[in-house]
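There are 2 protein chains.
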Amino acid sequence: MTSASEVPPELSPVFAYIDTNADQLVARLAEAVAIKSVSAQADTRPDTIRVMQWFADKLRARGLSVELVDIGTECRPDGQTLPLPPVLLASLAATDPSAKTLLVYGHLDVQPADRADGWRTDPFVLTEVDGRLYGRGATDDKGPVMGWLNAIDAYQRTDTAIPVNLKFVVEGMEETGSDGFDELIVSLKDTFLADVDYVCISDNYWLGTTKPCLTYGLRGIACFGVEVECAHKDLHSGAYGGSVHEAMTDLTALLYRLVDSKGNILIPGVMDDVAVQTAEELAAYETIDFDSDEYRREIGTSRLLYEKKADILAHRDEYRREIGTSRLLYEKKADILAHRWRYPSLFIHGVEGAHSGPGVKTVIPGKVSGKFSIRLVPNQCPDKIAAQVVAYLTAEFAKLDSPNRLSVVNRPPSKPWVADTRNQNFTAAKLAVRSVFGADPDLTREGGSIPVALTFEEVTGKSVLLLPIGGCDDCAHSQNEKIDRKNYISGTKVLAAYIHHLANV
Amino acid sequence: MTSASEVPPELSPVFAYIDTNADQLVARLAEAVAIKSVSAQADTRPDTIRVMQWFADKLRARGLSVELVDIGTECRPDGQTLPLPPVLLASLAATDPSAKTLLVYGHLDVQPADRADGWRTDPFVLTEVDGRLYGRGATDDKGPVMGWLNAIDAYQRTDTAIPVNLKFVVEGMEETGSDGFDELIVSLKDTFLADVDYVCISDNYWLGTTKPCLTYGLRGIACFGVEVECAHKDLHSGAYGGSVHEAMTDLTALLYRLVDSKGNILIPGVMDDVAVQTAEELAAYETIDFDSDEYRREIGTSRLLYEKKADILAHRDEYRREIGTSRLLYEKKADILAHRWRYPSLFIHGVEGAHSGPGVKTVIPGKVSGKFSIRLVPNQCPDKIAAQVVAYLTAEFAKLDSPNRLSVVNRPPSKPWVADTRNQNFTAAKLAVRSVFGADPDLTREGGSIPVALTFEEVTGKSVLLLPIGGCDDCAHSQNEKIDRKNYISGTKVLAAYIHHLANV
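So the sequences go chain by chain: A and B.
In case it helps, the UniProt record's numbering puts the first sequence at residues 1 to 505.
In case it helps, the UniProt record's numbering puts the second sequence at residues 1 to 505.
One thing to keep in mind: the hints can contain errors.
The list that follows gives simulated cross-link-like pairs (lysine to any residue, SDA-like), each with its CA atoms no further than 20 angstroms apart [claimed, not checked]:
no.	chain 1	residue 1	chain 2	residue 2
1	A	K462	A	L184
2	A	K58	A	S91
3	A	K399	B	R257
4	A	K399	B	S302
5	B	K211	B	E298
6	B	K361	A	V408
7	B	K430	B	P163
8	B	K100	B	K462
9	A	K100	A	S65
10	B	K430	B	A284
11	A	K361	B	P77
12	B	K262	A	H236
13	B	K361	A	G177
14	B	K233	A	D122
15	A	K399	B	A113
16	B	K189	B	L454
17	B	K262	B	V274
18	B	K58	B	A27
19	B	K462	B	D195
20	A	K361	B	D179
21	B	K262	A	E227
22	B	K486	B	T210
23	B	K333	B	S302
24	B	K189	B	K361
25	A	K361	B	A113
26	A	K211	A	A283
27	A	K233	B	R303
28	A	K399	A	R257
29	B	K361	A	E227
30	A	K233	B	W119
31	B	K58	B	Q156
32	B	K233	A	G300
33	A	K233	B	E298
34	B	K233	A	E294
35	B	K361	A	P112
36	A	K233	B	A113
37	A	K100	A	E227
38	B	K233	A	R303
39	B	K211	B	R297
I should point out that these hints are in silico values taken from the structure, not numbers from a laboratory.
Produce the entire structure from the sequences given, and follow the hints as far as they go.
Put into structure tokens, the structure is as follows:
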């Protein structure tokens, strides 16, 4: 895969070290995966704290100065108070005093995982099957964080000077809303973060499974809960059914009014500020390595949204006119990507308070809460969207003429992020990919949210780059999460090459 | 409360025993409640089996012949196989060989209960507060079953001859669908059940909190699951949202089409066979002791279904014409009762497969299942209703033009039941209530389902009576279930008096 001619001579021993010690690097990831750092669960909070200490020890052993910052406690919904995992700050100065400073972000907490959910192997035992390393956190985000540790080792063990000052910010609550994290980052603006030149985040994935990419945009997210209360307790559905305005009936009517089966958001005004897609942006999508057939197969569906002729035409006429062509290449592909990356989408998460287990429970819940979220894109303003959602749900509820009680709650939103890619940070990352893969990466956006990207950009005022190493089929957040061995190893090389090129662009 | 003049002399010592030993009878209920016989949960299955053995021992100690019938195993949704609790059959012959035979039914399993759900006391420790006995199963159905044990004691300890042959059928899976129970009852038609003259079931509640009632009708129930699958795994809502026809969006659209916010069932044909309300039936409702204000307060709502003028008018014009009056008494009351008892209602239980916990989970579920049920009334045919539901959902799903996969599953339904009350069984029960309360009971129906009522009627061909002893505010199936001490004690007397009157009508 590596085109030898592209590898700068300084990197040859570094790459050779990584290849020779691959098994040891995988064992290191296994050690990380074995710590059950599920940040959402109270019972695994000690492990989530422990993983931070474990990683601090690893960095200290490599000569980094490390601080574990206490960011206080979390008040759980049940009233329990738990200590938050500390945030890790670490620095390693380059020998050259004029070296640039790279800030690396990662997280060591993971999503919940239980074998009963459909895992084929123990989620906390990294298990290699056909070159795939299965385990919770393998790709999100323990694999990439270990990649940085691997890269440091590869330089140090081969006596190669690390050509940039390295700083790390690693957290343990990313999967659960990063409580207290943003406040800490803002408070470090004039101290720990004052001299940062570039920011790199490895916490996302390639668009496909074979071609690397650099990511320059993310959607934001606004999460809502719409709660309807019909009774001050649960009611037997036989004894009361037929006489009560049931909360679940009202809630269903409200959820139904949020989004139609074509994916159109029905809340008035929500689409008003969505940035118009430019011809340049559309043209960039056309060349991206993305196979919609493979994507469909991966999901297990026969048809995606926006694949029907009428949908495509409705969305494409203006782009055709702008570009001045009667037919575009990959009509479907570009539309799919645009709707994953640069258009908002509304997703109904589920209902809290109603029966959700197997079998039958014939109890009318007194209070139910529907959860939904809107993925936000430039130039949507989260506060304006929240106001539109509340006004709409209130008005639609009034139309139901129900005696029930409505409340709409919204959690702190995260804003969308789009970066300029014409800078040294992205150039160095492109060269790094070329050093390892012999070809340029795609420039992609992502539909998910990594709020910290925007926070780092705002606080440092410097370029933020997302540099993924895992594949699109890694099943982050899902059952049987994995990272391919080759992605983990070549990803380590990309990170090592990236700091070399950062110092030389 | 007891009007002494109404108490037959034979019952005086029996009633006196019950009053004198009230604390001991309460302690017996506490013993029953302490056994965690939650039939829905695998971990409490041993307790559910134990409660049957415990009750068998109690009956044997009183001279009954008891058999615990093995009805096989249950295959749990997770593939686990569990033994079903045995069904208890017991008999006690009267001294008089010409005595009639009464069959008593009850169950000793209970609904799940967890202090965290909002119980003010430990649900498995019977706790008396201001004359209320709180505990899971206190009223449903351990209280009434202990009432029968109490009644036997009251006869035996006072050397009063029990004037009827007693038979008991007690089960341990009632709260979880009575797996295998109906088959057993049918198989006993020509043996254990061959000589039954009357059937009594104590497994429901008074309509209010002060006046006893006898119950002659129940609604049936048909439970459905409508499953939509959009992907063969869960999907990250950021990465995939906007490109996938989400199962939850389709499911919401289908659930929305089931019932409107006025409680009207939207499935074509479902109302076709509902028996027309007669003037006689309506007139009976008018005199029933039911306070709709109290009912509203108990629920915690400002308005019930069918309370708005337009709804009342739409439903009442025909009854007014039939009766020949321009205005009916208690317009609202009768409507409320009718919609609880003799009209079908559709209830959306909730969604399985989507996020239902506190907080936020941004994962698009690959498959979701919406659960709902229709309470059935005479003369609805469950099979016809099921066919209508499947046809309707299939047609409505087709309108969504979705590539997703739909399946509708229906569980075995239970049929509605309405009994003729002009017989010795109801007459004896009326006299029993008069003996204890000095007044006649109301004749009521119930909105819930007790499928075994119809099964016993069909298998024995004899009169089935529902004889409740708990109050409407007992919170069966809910948090803080209780039975009032006075209901438990006076209920025991009613059961004792009932067998006396059965032998003498």
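The hints, checked one at a time:
1. Straight-line distance between C-alpha atoms of K462(A) and L184(A) comes to about 18 angstroms, which keeps the hinted pair within the 20 angstroms bound.
2. Taken as a hint, the K58(A) and S91(A) pair is honoured in the structure, with Cα atoms around 13 angstroms apart against an allowance of 20 angstroms.
3. Using a Cα cut-off of 20 angstroms, the hinted pair K399(A) and R257(B) holds, with the two alpha carbons roughly 17 angstroms apart.
4. At most 20 angstroms may separate the alpha-carbon atoms for a hinted pair to count; K399(A) and S302(B) meet this at roughly 17 angstroms.
5. Restraint check for K211(B) and E298(B): satisfied, since their Cα atoms lie roughly 17 angstroms apart, inside the 20 angstroms limit.
6. The straight-line distance between the Cα atoms of K361(B) and V408(A) is roughly 18 angstroms, inside the 20 angstroms bound, and the hint therefore holds.
7. Simply put, K430(B) and P163(B) have alpha-carbon atoms about 18 angstroms apart, close enough for the 20 angstroms limit, and the pair holds.
8. Restraint check for K100(B) and K462(B): the C-alpha separation of about 12 angstroms stays at or below 20 angstroms, so the hint holds.
9. In summary, the hint linking K100(A) to S65(A) is supported, as the alpha carbons are separated by about 18 angstroms, within the 20 angstroms threshold.
10. Between K430(B) and A284(B) the alpha-carbon distance is near 16 angstroms, which keeps this suggested pair within the 20 angstroms criterion.
11. For the given pair, K361(A) sits about 15 angstroms from P77(B) by alpha-carbon distance, which is consistent with the 20 angstroms threshold.
12. Of the supplied pair hints, the one linking K262(B) and H236(A) holds, its CA atoms being roughly 19 angstroms apart against a limit of 20 angstroms.
13. Under the criterion of a C-alpha separation no larger than 20 angstroms, the hint pairing K361(B) with G177(A) is consistent with the structure, at around 10 angstroms.
14. Of the pairs offered as hints, the one joining K233(B) and D122(A) holds, with about 18 angstroms between alpha carbons and a cut-off of 20 angstroms not exceeded.
15. In summary, the hint linking K399(A) to A113(B) is not supported, as the alpha carbons are separated by about 37 angstroms, beyond the 20 angstroms threshold.
16. Between K189(B) and L454(B) the CA atoms are separated by roughly 14 angstroms; this keeps the pair inside 20 angstroms, and the hint holds.
17. For the given pair, K262(B) sits about 18 angstroms from V274(B) by alpha-carbon distance, which is consistent with the 20 angstroms threshold.
18. The hinted pair formed by K58(B) and A27(B) meets the criterion: a straight-line CA distance of about 14 angstroms does not exceed 20 angstroms.
19. At roughly 10 angstroms between alpha-carbon atoms, K462(B) and D195(B) fall within 20 angstroms of each other, so this suggested pair holds.
20. With a C-alpha separation of about 15 angstroms, the suggested pairing of K361(A) with D179(B) holds against the 20 angstroms cut-off.
21. The suggested pairing of K262(B) with E227(A) holds, with an alpha-carbon distance near 19 angstroms, which does not exceed 20 angstroms.
22. Using a Cα cut-off of 20 angstroms, the hinted pair K486(B) and T210(B) holds, with the two alpha carbons roughly 10 angstroms apart.
23. The straight-line distance between the Cα atoms of K333(B) and S302(B) is roughly 15 angstroms, inside the 20 angstroms bound, and the hint therefore holds.
24. Proposed proximity of K189(B) and K361(B) is contradicted: the alpha carbons are some 53 angstroms apart, above 20 angstroms.
25. Restraint check for K361(A) and A113(B): satisfied, since their Cα atoms lie roughly 13 angstroms apart, inside the 20 angstroms limit.
26. The straight-line distance between the Cα atoms of K211(A) and A283(A) is roughly 19 angstroms, inside the 20 angstroms bound, and the hint therefore holds.
27. Between K233(A) and R303(B), the direct Cα distance comes to roughly 16 angstroms. Compliance with the 20 angstroms bound is thereby established for this hinted pair.
28. Between K399(A) and R257(A) the CA atoms are separated by roughly 12 angstroms; this keeps the pair inside 20 angstroms, and the hint holds.
29. For the suggested pair K361(B) and E227(A), the alpha carbons sit about 17 angstroms apart, so the restraint of at most 20 angstroms is met.
30. For the hint linking K233(A) to W119(B), the alpha-carbon distance of about 11 angstroms falls within 20 angstroms, and the restraint holds.
31. Taking the CA atoms of K58(B) and Q156(B), the gap is about 14 angstroms. The hint holds against a cut of 20 angstroms.
32. Restraint check for K233(B) and G300(A): satisfied, since their Cα atoms lie roughly 8 angstroms apart, inside the 20 angstroms limit.
33. For the given pair, K233(A) sits about 9 angstroms from E298(B) by alpha-carbon distance, which is consistent with the 20 angstroms threshold.
34. A threshold of 20 angstroms between alpha carbons decides the hint, and for K233(B) with E294(A) the separation of about 15 angstroms falls inside it, so the pair holds.
35. Annotation: proposed proximity of K361(B) to P112(A) holds, straight-line Cα distance about 10 angstroms (limit 20 angstroms).
36. Restraint check for K233(A) and A113(B): satisfied, since their Cα atoms lie roughly 14 angstroms apart, inside the 20 angstroms limit.
37. For the suggested pair K100(A) and E227(A), the alpha carbons sit about 51 angstroms apart, so the restraint of at most 20 angstroms is broken.
38. Restraint check for K233(B) and R303(A): satisfied, since their Cα atoms lie roughly 16 angstroms apart, inside the 20 angstroms limit.
39. Note on K211(B) and R297(B): the hinted pairing holds, with a Cα-Cα distance of about 18 angstroms set against a maximum of 20 angstroms.
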